[in-house]
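Given the coordinates of chain A, work out where chain B should sit on it, guided by the hints.
Line by line, the protein sequences give chains A and B.
Residue numbers for the first sequence follow this note's numbering, beginning at 281 and rising by one.
Residue numbers for the second sequence follow this note's numbering, beginning at 281 and rising by one.
FYI, nobody ran anything at the bench for these hints, they're computed from the structure.
It cannot be assumed that every hint is accurate.
Same chains, same names: a pair is fine if it fits in one copy or spans any two.
[What the hints assert, rightly or not] Straight line, CA to CA, 25 Å or less: simulated DMTMM-like cross-link-like pairs of lysine to aspartate or glutamate: (1) K429 / E407; (2) K392 / E336; (3) K392 / E407; (4) K282 / D427.
Residue-level listing of the chains:
Number of protein chains: 2
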Amino acid sequence: MKKIAVVLAGNGVYDGSEIHEATLTLLAIARNGAQYQCFAPDVDQAHVVNHLTGEEMPEKRNVLVEAARIARGNITPLSEYKAKDFDAIIFPGGFGAAKNLCTFAFDGIDCKVNPDVEKAVRSTVAEKKPIGALCISPVMIAKILGDVKVTIGQDEATIQAVENLGGTHEKTTHGQIVVDEKYNIITTPCYMLNATIDQIADGAENAVKKILEMV
Amino acid sequence: MKKIAVVLAGNGVYDGSEIHEATLTLLAIARNGAQYQCFAPDVDQAHVVNHLTGEEMPEKRNVLVEAARIARGNITPLSEYKAKDFDAIIFPGGFGAAKNLCTFAFDGIDCKVNPDVEKAVRSTVAEKKPIGALCISPVMIAKILGDVKVTIGQDEATIQAVENLGGTHEKTTHGQIVVDEKYNIITTPCYMLNATIDQIADGAENAVKKILEMV
Chain A
281 MKKIAVVLAG NGVYDGSEIH EATLTLLAIA RNGAQYQCFA PDVDQAHVVN HLTGEEMPEK
341 RNVLVEAARI ARGNITPLSE YKAKDFDAII FPGGFGAAKN LCTFAFDGID CKVNPDVEKA
401 VRSTVAEKKP IGALCISPVM IAKILGDVKV TIGQDEATIQ AVENLGGTHE KTTHGQIVVD
461 EKYNIITTPC YMLNATIDQI ADGAENAVKK ILEMV
Chain B
281 MKKIAVVLAG NGVYDGSEIH EATLTLLAIA RNGAQYQCFA PDVDQAHVVN HLTGEEMPEK
341 RNVLVEAARI ARGNITPLSE YKAKDFDAII FPGGFGAAKN LCTFAFDGID CKVNPDVEKA
401 VRSTVAEKKP IGALCISPVM IAKILGDVKV TIGQDEATIQ AVENLGGTHE KTTHGQIVVD
461 EKYNIITTPC YMLNATIDQI ADGAENAVKK ILEMV
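Bound conformation, chain A alone:
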């Protein structure tokens, strides 16, 4: 059975992994006959956002501990990820990808990438295995790899950032994917568009299907 690593960034769109994108990625993997293992970096979240009001809360939460909620407890520190043990790796989106996995939401293209994330991406590329990135995560892949072809949908400021990082951007709409043949990167916009949950399911399904074809 093919085995896909899924890297989470917390648990909730505004400070962690977008829950629908994460859950529907896991569903797409299972529906297409593969297995998943969730990972997350063992670091504090950049901050905690009250998802009812949008305001910051005076709390500390850990990315791995909160991501464990999506994974029902079955999650491994990202530092233990070994590309040779998996057929592919996928990064769902949500602000957590741009706050906890890298700092793009705060620092734009001058962002820093979490070292475990960078190592996971580079070691997977070295093994010539596919990397999926949903929503805002493709920006992080462009920060790491540079000359990569990705999609984040239609948002002009983010497209400009991708291009300033050395990447090529292709505009897409709901459920569409873009494949970079050089690095085997599969991207889809998800909630970077004003989407409904069934459109997120389509995007995750199309990305996962393509990844499984490639492995």
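Chain B only, in chain A's frame:
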């Protein structure tokens, strides 16, 4: 367009709503051409569980605020639910249903039910509209209504509790539903069985489809 209320109990299987069940209920509603609105009671969680270790954390979290993570901020206090404005109501599972919506996880059949939950269930029954309950939530429906026919899967202790509450239990396996024709209650076991995420999607889909047939 048909409109279904979805009542969340927090965000995470051990102290809130089971995330896959909640997300896949929303997906099933959208996939079948209906709309959803999320609700949750505005109360403190019974406790906070570290989902990595299973241990209690010395924190306070609010059910409505945490459930807003699953709802991407679009959630309403359950006290504002009006049965006349919806075609049906669904309660996904997770320990939150048995800790925050009622206290079954702590008190068994002597549990107390959150007053907003009890009012939501009774007012929906009064309107003769369907109520869906996944996983452990059917026990709460049995606590409120008594002589109801439900399924929680196969777990003998929980089946006994349902029967002690005056209910009738039908054993089911993955994806199967039970329909109570008297009160229009639709139940399915989800993670009360040792299930995979695609089996949860099947259960949510079958329950939602049946509910939409009934309205």
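Now for the hints, and whether the structure bears them out:
1. K429 / E407: This pair counts as within: shortest intra-copy Cα distance 19 Å, inter-copy 54 Å.
2. K392 / E336: within (22 Å within a copy, 33 Å between copies)
3. K392 / E407: within (24 Å within a copy, 55 Å between copies)
4. K282 / D427: Result: close neither inside a copy nor across copies, 28 Å intra and 47 Å inter.
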